[in-house]
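Mind docking chain B on chain A? Use the hints.
Those protein sequences? They're chains A and B, same order as listed. Quick note: the first sequence, position 50, residue 50 per our numbering, numbers continuous. Quick note: the second sequence, position 64, residue 1064 per our numbering, numbers continuous.
By construction, these hints were calculated from the structure, which means they are not laboratory data. These numbers were taken from a predicted model, which means no experiment stands behind them. Be careful, since some hints might not be right.
Stated by the list, open to error - Calculated lysine-lysine pairs in the DSSO-like style (CA-CA distance at most 30 Å, straight line):
id, chain 1, residue 1, chain 2, residue 2
1, B, K1040, A, K80
2, B, K1093, B, K1037
3, B, K1040, A, K79
4, B, K1068, B, K1037
5, A, K79, B, K1041
6, B, K1041, B, K1097
7, B, K1093, B, K1003
8, B, K1067, B, K1097
9, B, K1093, B, K1068
10, B, K1097, A, K79
11, B, K1040, B, K1057
12, B, K1003, B, K1097
13, B, K1057, B, K1041
14, B, K1057, B, K1093
15, B, K1097, B, K1056
16, B, K1097, A, K80
17, B, K1041, A, K80
18, B, K1057, B, K1003
As the list claims (entries may be wrong) - If we take Cβ atoms under 8 Å as the criterion, some of the chain B residues that face chain A in the derived model are:
id, residue
19, S1032
20, M1048
21, F1100
Built from N, CA and C at the ideal position, the CB exists for glycine as well.
One-letter residues, chain by chain:
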Amino acid sequence: SQTIHQWPATLVQPVGSPLSLECTVEGTSNPNLYWYRQAAGRGLQLLFYSVGIGQISSEVPQNLSASRPQDRQFILSSKKLLLSDSGFYLCAWDRGTDTQYFGPGTRLTVL
Amino acid sequence: EDKVVQSPLSLVVHEGDTVTLNCSYEVTNFRSLLWYKQEKKAPTFLFMLTSSGIEKKSGRLSSILDKKELFSILNITATQTGDSAIYLCAVNKGAQKLVFGQGTRLTINP
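Chain A with its partners taken away, still in its complex shape:
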């Protein structure tokens, strides 16, 4: 069966510091991968998605970037965090079907 991992689970970072969040999927190959952000009390906002290694599509212009160095690895990065980057970051995958499956998330607090 497929499993999706995210780390770290929680992160507290100062404004202006860099960020690297990692997501890996096990038990499948060539998945579509997604990064979402969920602000408090709000729905999920799609940030990036990837249909293959090195292929990244950005949905919202922002202070973040994404990379997919391996088939089942998806990384969310920032060179300098802003206060507004705080939130709950979720990674998800699918295999070309309509249903996406989510990882456990990373709660990021920028101070």
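Just chain B now, kept in the frame of chain A:
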């Protein structure tokens, strides 16, 4: 602009009550509508609906889609405290795009 709107945003009921959560949408290229339950962390998949009028059921939860009126409902009967969660509705518009509603925060009091 694509839009998915859930109502109510928040609901508090007593254990044993029946609840109905609503999701309306205006989305180009509709493919399917999905419901997720989010407790503390990852949203977990509940239902995917593609056809109007066909009820999907899992235990005490059921859902139905109306593609003419552009809405879906999620029903939970005989609610339990474990049903307390945020319920998210999302519309798949193809090309790797899910558009989410704001979610309904459901609280079940014993």
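Results for each hint:
Between the alpha carbons of B/K1040 and A/K80 the distance comes to roughly 28 Å, so the proposed pair stays at or under 30 Å and holds. Restraint check for B/K1093 and B/K1037: satisfied, since their Cα atoms lie roughly 20 Å apart, inside the 30 Å limit. Between B/K1040 and A/K79 the CA atoms are separated by roughly 29 Å; this keeps the pair inside 30 Å, and the hint holds. With a C-alpha separation of about 25 Å, the suggested pairing of B/K1068 with B/K1037 holds against the 30 Å cut-off.
Note on A/K79 and B/K1041: the hinted pairing holds, with a Cα-Cα distance of about 26 Å set against a maximum of 30 Å. Distance hint between B/K1041 and B/K1097 is fulfilled; the C-alpha atoms sit about 21 Å from each other, no more than 30 Å. Simply put, B/K1093 and B/K1003 have alpha-carbon atoms about 11 Å apart, close enough for the 30 Å limit, and the pair holds. Between the alpha carbons of B/K1067 and B/K1097 the distance comes to roughly 19 Å, so the proposed pair stays at or under 30 Å and holds.
Distance hint between B/K1093 and B/K1068 is fulfilled; the C-alpha atoms sit about 16 Å from each other, no more than 30 Å. Taking the CA atoms of B/K1097 and A/K79, the gap is about 27 Å. The hint holds against a cut of 30 Å. At most 30 Å may separate the alpha-carbon atoms for a hinted pair to count; B/K1040 and B/K1057 meet this at roughly 24 Å. Proximity of B/K1003 to B/K1097 is assessed by CA-CA distance (about 13 Å); at most 30 Å being required, the pair is judged to hold.
Taking the CA atoms of B/K1057 and B/K1041, the gap is near 24 Å; set against the 30 Å cutoff, the hint holds. Straight-line distance between C-alpha atoms of B/K1057 and B/K1093 comes to about 23 Å, which keeps the hinted pair within the 30 Å bound. Note on B/K1097 and B/K1056: the hinted pairing holds, with a Cα-Cα distance of about 23 Å set against a maximum of 30 Å. Proposed proximity of B/K1097 and A/K80 is supported: the alpha carbons are some 28 Å apart, at most 30 Å.
Distance check on the hinted pair: B/K1041 and A/K80 sit about 26 Å apart at the alpha-carbon level, within 30 Å; holds. A hinted pair counts as satisfied when its Cα atoms are at most 30 Å apart, and B/K1057 with B/K1003 qualifies at roughly 26 Å. With a least beta-carbon distance of about 4 Å to chain A, the hint placing B/S1032 at the interface is held under the 8 Å criterion. Here the hint on B/M1048 is kept, as its CB sits about 6 Å from the closest CB of chain A, short of 8 Å.
The interface hint given for B/F1100 is met, as the beta carbon of that residue sits about 4 Å from the closest beta carbon of chain A, less than 8 Å.
Of the numbered hints given earlier, the model fails none.
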